[in-house]
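Undergrad: Read off the chains here:
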Amino acid sequence: MIYAVIVIALVLLFLWFLYNGLITAKLRVNEALSQIDVQLKRRADLIPNLIETVKGYAKHEKDLFEKVTQERSALVSAKGMAEKSEANNQLSQTLKSIFAVAEAYPDLKASQNFMELQTELSDTENKIAYSRQFYNSSVLDYNTKIKVFPNVFLAQLLNFKDAEFFGADAKDKEKVEVKF
Amino acid sequence: MKVYSEVSSNKLKTWLIMILFVVFITTIVYVFSQALGGGLSLVGFALIFSGIISFGSYYWSDKMVLSMSGAKEIKKEDNRELYNTVENLCIAGGVPTPKIYIMNDDSPNAFATGRDPKHAVVAVTTGLLNSLSKTELEGVISHELSHVRNFDTRLMAVVAILVGFIAVISDMFMRTLWFGGSRDNNRNSSAQGIFMLIGIIFAILSPIAAVLIQLAVSRKREFLADASAALLTRYPEGLASALEKIASYPRPVKHATNATAHLYISNPFKGKDKKSFFAGLFDTHPPMQERIKILRSM
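Going down the list, the protein sequences come from chains A and B. Heads up, the first sequence is in this note's numbering, so the first residue is 407 and it goes up one at a time. Heads up, the second sequence is in this note's numbering, so the first residue is 2 and it goes up one at a time.
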């Protein structure tokens, strides 16, 4: 009798710790996700400023402005990891072309406002990369936790689902060709 | 998993050191008052006094360590590059951004302190900022952030104050014992006997204190921080070449003391210029060559 009680108590204690471990891992993923969101929002907030500044010097790059504005709102309204990373990557590409276009306008390039925005945006881009690293390592930790034995039984019972990785830019992953 | 068990072991060790300190001081005062025939009120006073110091060290050790090191806090505008580096690595590591301090010293070195990640401080010397590239600086900062994340900083700061306190008093008594004892032969023998007794107690205590520091600041801790730094930056070579540069700089850090030496990323005394005979016992850093070799093999 006493042994049965001890065994049951031990099992309950084990389940308790297991459950807390899983929940902690899950919360860490959520926290990491909100960090990415903070950086994405910061990026989205900088873009109207950028457009205004560039407009002052390069009025006829209308298509580019429209594209950026569209992609910005796509990023703001994006739900779910895949959509977010997709929108973010597209925005990165367009921003690159804006900065490339700026090369053709010396006044724009020299303007204090533009230079500041450029540093801010590149810093934000770095921060997105770093928060992505944290997010993805938290996801890896969580996904591993819910799949290993014996956690997998409890995780399936309580319907814990795999968290999605935040993908890197597909174009960044392509090999860079150097032509002479 | 590894890191989390490291955290709880560090928290436990901090408590142990704080309690040990109170027990130590009270015991010594007890022996002292018994020898003098004094009452127990002195012991009570010692208990309260050491208790206050012990708790004070928990809350204010970071401030004491910082004032001992002569570091000044900087804001984002003062050094944007450093600030961004720290902020980015904190995002990657999932810890709040610590306060950043700069020490005006040509010797490249760095340390972290603070009782938990929310109250953390990372301090670097101007020499470090001038001599390291961005990737090397990232390596050093992530090493310090790993100490913060593992709660090494809590334990180390408390050790710095409490064990440092005992070590300094021991050193003082040792000196009076060796150099002051022979001069006054006229004193009555019982007072001298008591003085000898205290001297001997502290002579025994000092190496014990040193061993305690070594226990707390095992080599494993530095290696673990190096490894976590490499994991955070995904670039072990950055830290490796930073350590190489730090090790090859010949001059010691001006404000480093026996009590704070173990906080730095590399031995601030540079192997020479030790402040007392006992300093040898406080050699808490694993050999630089070994650390660099391990980082290079990752």
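Note that these hints are calculated values from the structure, not bench results. Errors might be hidden in some of the hints.
[Said to hold, decoys possible] Subject to a maximum C-alpha distance of 30 Å in a straight line, what follows is the list of computed DSBU-like cross-link-like pairs (lysine-lysine):
no., chain 1, residue 1, chain 2, residue 2
1, B, Lys77, A, Lys515
2, B, Lys135, B, Lys294
3, A, Lys551, A, Lys432
4, A, Lys515, B, Lys135
5, A, Lys447, B, Lys119
6, B, Lys14, A, Lys551
7, B, Lys221, A, Lys551
8, A, Lys468, A, Lys432
9, B, Lys14, B, Lys221
10, B, Lys100, A, Lys432
11, B, Lys221, B, Lys76
12, B, Lys12, A, Lys432
13, A, Lys502, B, Lys135
14, A, Lys551, B, Lys12
15, A, Lys473, A, Lys461
16, B, Lys100, B, Lys73
17, B, Lys294, A, Lys447
18, A, Lys502, B, Lys77
19, A, Lys447, A, Lys468
20, B, Lys77, A, Lys447
21, B, Lys76, A, Lys515
22, A, Lys465, A, Lys551
23, B, Lys119, A, Lys432
24, A, Lys447, B, Lys135
25, A, Lys502, A, Lys468
26, A, Lys432, A, Lys461
27, B, Lys100, A, Lys447
28, B, Lys119, A, Lys551
29, B, Lys64, B, Lys100
30, B, Lys73, B, Lys294
Undergrad: Does lysine 73(B) sit within 30 Å of lysine 100(B), going by the straight-line distance between their CA atoms?
TA: Given pair lysine 100(B), lysine 73(B) holds - Cα atoms ~10 Å apart, limit 30 Å.
Undergrad: With the threshold set at 30 Å, check whether the alpha-carbon distance from lysine 502(A) to lysine 468(A) stays at or below it.
TA: Answer holds: lysine 502(A) to lysine 468(A) is near 16 Å, not above 30 Å.
Undergrad: Is the straight-line distance between the alpha-carbon of lysine 76(B) and that of lysine 515(A) 30 Å or less?
TA: holds (28 Å)
Undergrad: Is lysine 77(B) within 30 Å of lysine 515(A), Cα to Cα?
TA: holds (25 Å)
Undergrad: Compare the distance between the alpha carbons of lysine 447(A) and lysine 119(B) with 30 Å, and conclude whether the hinted pair is satisfied.
TA: holds (24 Å)
Undergrad: CA of lysine 14(B) to CA of lysine 221(B), is that 30 Å or under?
TA: It holds: about 15 Å lies between the C-alpha atoms, which stays within 30 Å.
Undergrad: Holds or violated: lysine 294(B) with lysine 447(A), Cα cutoff 30 Å?
TA: Violated, at roughly 42 Å.
Undergrad: Are the Cα positions of lysine 515(A) and lysine 135(B) separated by 30 Å at most?
TA: Holds, at roughly 25 Å.
Undergrad: Hinted pair, alpha-carbon criterion (30 Å max): lysine 502(A), lysine 135(B). Please report holds or violated.
TA: holds (23 Å)
Undergrad: So if I understand the rule, the pair passes when the alpha-carbon distance is 30 Å or less; does lysine 14(B) with lysine 551(A) pass?
TA: holds (29 Å)
Undergrad: CA of lysine 221(B) to CA of lysine 76(B), is that 30 Å or under?
TA: violated (33 Å)
Undergrad: For the pair supplied as a hint, lysine 77(B) and lysine 447(A), confirm whether the alpha-carbon distance does not exceed 30 Å.
TA: Distance ~21 Å between lysine 77(B) and lysine 447(A) Cα, so the pair holds.
This entry does not satisfy hints 8, 11, 17, 22, 26, 30, going by the numbered hints stated previously.
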